[in-house]
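Listed here are the chains, written in short residue letters.
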Amino acid sequence: MILNDNELLPSERAVYTLRTLYLSFGYRRYKVSKFEEYDLYAENKSFLSDKSILTFTDTDGRLMALKPDITLSIIKNTKDSSGMQKVFYNECVYRAGGSGFKEIMQTGLECIGDIDDFSTAEVISLAYKSLESISGSFLLDVSHMGFVTGLIGMITQNGAARSELMSAVGRKSADTVRAVCSDIGADKKYADALSAACLLYGTPREVLEKARPLCLNDEMRASYDALEKISGYMEKSGLAQNLRIDFSILNDTNYYNGIIFKGFIDGIPQSVLSGGRYDSLLSRLGRKQGAVGFAVYLDGLDRLFSDTDTCGGESIGG
Amino acid sequence: MADKYVNVALPKGRLGEAAYDIFEKSGYACPEIHEPNRKLIFESVHNRVRYFWVKPSDVAIYVEKGAADIGIAGKDILLEYSPDVYELCDLHMGKCRMAVAAKRDFKDNPDTALRVATKFPNIAKHYYAEKSREIEIIKLNGSIELAPLLGLSDVIVDIVETGKTLLENNLVPCETVAPVSARLISNKVSYKFKNSEITQICKKISSICKDKSND
Chain A
1 MILNDNELLP
11 SERAVYTLRT
21 LYLSFGYRRY
31 KVSKFEEYDL
41 YAENKSFLSD
51 KSILTFTDTD
61 GRLMALKPDI
71 TLSIIKNTKD
81 SSGMQKVFYN
91 ECVYRAGGSG
101 FKEIMQTGLE
111 CIGDIDDFST
121 AEVISLAYKS
131 LESISGSFLL
141 DVSHMGFVTG
151 LIGMITQNGA
161 ARSELMSAVG
171 RKSADTVRAV
181 CSDIGADKKY
191 ADALSAACLL
201 YGTPREVLEK
211 ARPLCLNDEM
221 RASYDALEKI
231 SGYMEKSGLA
241 QNLRIDFSIL
251 NDTNYYNGII
261 FKGFIDGIPQ
271 SVLSGGRYDS
281 LLSRLGRKQG
291 AVGFAVYLDG
301 LDRLFSDTDT
311 CGGESIGG
Chain B
1 MADKYVNVAL
11 PKGRLGEAAY
21 DIFEKSGYAC
31 PEIHEPNRKL
41 IFESVHNRVR
51 YFWVKPSDVA
61 IYVEKGAADI
71 GIAGKDILLE
81 YSPDVYELCD
91 LHMGKCRMAV
101 AAKRDFKDNP
111 DTALRVATKF
121 PNIAKHYYAE
131 KSREIEIIKL
141 NGSIELAPLL
151 GLSDVIVDIV
161 ETGKTLLENN
171 LVPCETVAPV
181 SARLISNKVS
191 YKFKNSEITQ
201 ICKKISSICK
211 DKSND
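Here the protein sequences line up with chains A and B, keeping their order.
If you're matching positions, the first sequence starts at 1 in the numbering used here and goes up one per residue.
If you're matching positions, the second sequence starts at 1 in the numbering used here and goes up one per residue.
Calculated from the structure, these hints are not laboratory results.
None of the values given here were measured: they were computed from a predicted structure.
Glycine included, each C-beta is placed from N, C-alpha and C at the ideal position.
Keep in mind that a hint or two might mislead.
[Claimed, not checked] Which bits of chain B does chain A cover? Going by a derived footprint, with three or more residues having C-beta under 8 Å, they are:
hint: 1; stretch: 6 to 18
hint: 2; stretch: 83 to 96
hint: 3; stretch: 191 to 203
Chain B on its own, in the form it takes in the complex (with noise of 0.2 Å):
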């Protein structure tokens, strides 16, 4: 029986690439992603594969319609959007956390409503929700760490990976969310019926990536 074609979403940036990487070690190579033109989408025949690239924050919505039967996705995107996906592996790489983070001489007053700013509304709720601490969300969709410093929030909760930019900008991280690093998805239904396919990819990769965190 002819293999069925997997469709994988990959997230654009760094974490894409190193996770396209990945899978070209694991015999999923498609050399024409290396072209440069301007397709989205690119197909190895020979490895029955199709990469495209898509924002980090959508590949989880990728996947749970179907439209890629898997995809590497951020823990930090599961947990916001709480996908009816499968998380098959930790990839053990683009490792950060998802933190708690204030001006140096901030001090928390449990007398008002505390002002988050975020990225990640649903998962700042959840954690206050835990900690029953009554919060006012600021959503933005970028620059989180200017917030505390204009005044526009008490706290921030976003990615720390290496706290350098919280630092240059006198902010500190005092509490963390959650840890985060890459995970492979796939949708539930494809699962099934590419399941030879998707557990092969998963297995190889898996291997890889375990190699990776014992170096």
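This is chain A alone, in the form it adopts within the complex (with noise of 0.2 Å):
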């Protein structure tokens, strides 16, 4: 190698390590531009995770926009016909946040076509190594959408009253939820279904054993059959030891459906990686094939191993 390696920076590094990780298993890497027209976001805006955009008028006087998301434009110049695609990029990414405008280094993958479960299997296990080559502190929690959404819809169809309950799952607000549920009428057994499944936090073997009770409904038990393939899977391969189910992560239920996960290093107070399985969001595209993937966001580790180096840190877990 000809750079020195203690003269990258904790994020830098990892994105040479994630990039070696991704190669081995056959994915290609994918350059993109800084730019993309506006409309592709303005019709999709609730996939991004944050919904402000940095615009500009290109010489043509058309409106376009510094990439806020990779994820779209993947999407939008792959084709159904082309079969499966595995893909990893390593990008900037452009938000407008409270204080001005940021720029956030953001590496990922995505395994489009006809994704069955070795390949969702295949980008979990992806989603693992690629935090345990970042920390040796880390958890990666898992969740299938079909669980809460099953529970969810079994209580009220009201738009209002569902989003409420989600948003009262994703801040494990147990009260809420009973408090919401009473104020419709629902049936006190989903009630306490939900307020139960919110709370569950551990290990797969721990957390499946709790819920396969809640399983009210097909749709319910087949998120749980799933969920429990998939830590099977990942027990047998040796990377379920930081591997934790929690059934309050979700993502906007328009573009996720099935397997979710978002990945966790001890010291940085946010998630770090997010993914999922997004078939939906291709067939709101007009396309027939599905797709899994995720994204890691290396901005917070500069920080966090700067920190560490100075004052020692809080010993980690395990």
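Now that you have both chains on their own, put them together as the hints suggest.
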């Protein structure tokens, strides 16, 4: 190697490590430009975790955006006819934050095509290995959209109540779940199941055992089976030690369906990795294929490691 | 395995002191906190907790950014700032409500935008947006009750506990926006890495707070 490893910032080192990892699994580098026509985001605004988009007009008068997200551009540029596509990217994305503009380094991968259990498992293993290569103290939380949406679907069909319940589950606020359920006169059985489900957290074994009696319909049972299958696979591959199940992680139901996951590193107060199965996004864009993928946000890393160097930091668990 | 320290942000004032009493009763005492000194952070090596007092409206920020693992915040603060945190349990204390109040003889004139004075602009905006009422927000930082008296605003959106201050100033609460009480909140990442510690605290606290509401 030409570079001295010590000269790299933690985030830069992570970029190289992750690139090597993804290449070794047969993922191809996908380079996109920094700019995209604004229309793409206007139509799919709620897919973006952050709705703020920086725009400008190009020389032809078209409204352009500095990319806030890479996934949409990759999907736009792949075709149903091209079969299974496995790609990764390392790009900067742009957001308008509270205190001005922000450039965020992001790495991620997408697997687009005829998605089966094997490709899902491969992507989740890669998410696990990505976190592992960044820090020894990490957790990967997995959930399945169908478990919570299946249950909420039995409680209410009302849009406002649904989103109130989703947000309460996301905050692990069992009190709010019960309050909303009693307001709309839902069956106590469902209210109890949902407030229990949102508080579940632990290793797949612990959580699955407690979640089994909460399955009240076919959609929930299917989600349960999918989670059981994935965690079984991860265990067999020796990738289960830092795996957790948490039903409170949720993504927008208009885009995500099936397995979703979020990664965390001790010392960084937000999630550093986020992904899942997003067939619904593809079908919204008029595509027939399925897709699963994730993004890694590298901007928190540099501060984390510079802190632990100077202060010693708190001992990491495990 | 040695337990990890849990950092707790407490809101300065009466609510925070009552909340600390609950922590103490739950077995997380930190005697140092009662000593008269100018320290900002109080640590109990034995119980593996660290407490610090912050401005009530800042608790959510400390917890969201991970400077505190858990904290006690009023539902009013959570509604106003919608921080990305877990809201683990209702302490059933510091109970009051967010309400709209106006002068006793006030009549709403739907012809013009309603002038609303408040410390909670997001709550007010959200509340009136749902009613499709056009409003003009006047953001104040204190003495909200003064605004309608001096004609600065038509109504106020504020915390009402007993309604005594309102009454003494010839104001009446006319609509309830939301009930408010103190909540135990947790940073989402801390909850995962200090899961056994935080769930333990949460369990003990919620059992104490439930007992209280049954009295």
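Hint check:
no., hint, verdict
1, 6 to 18, "violated (count 0)"
2, 83 to 96, "holds (count 7)"
3, 191 to 203, "holds (count 5)"
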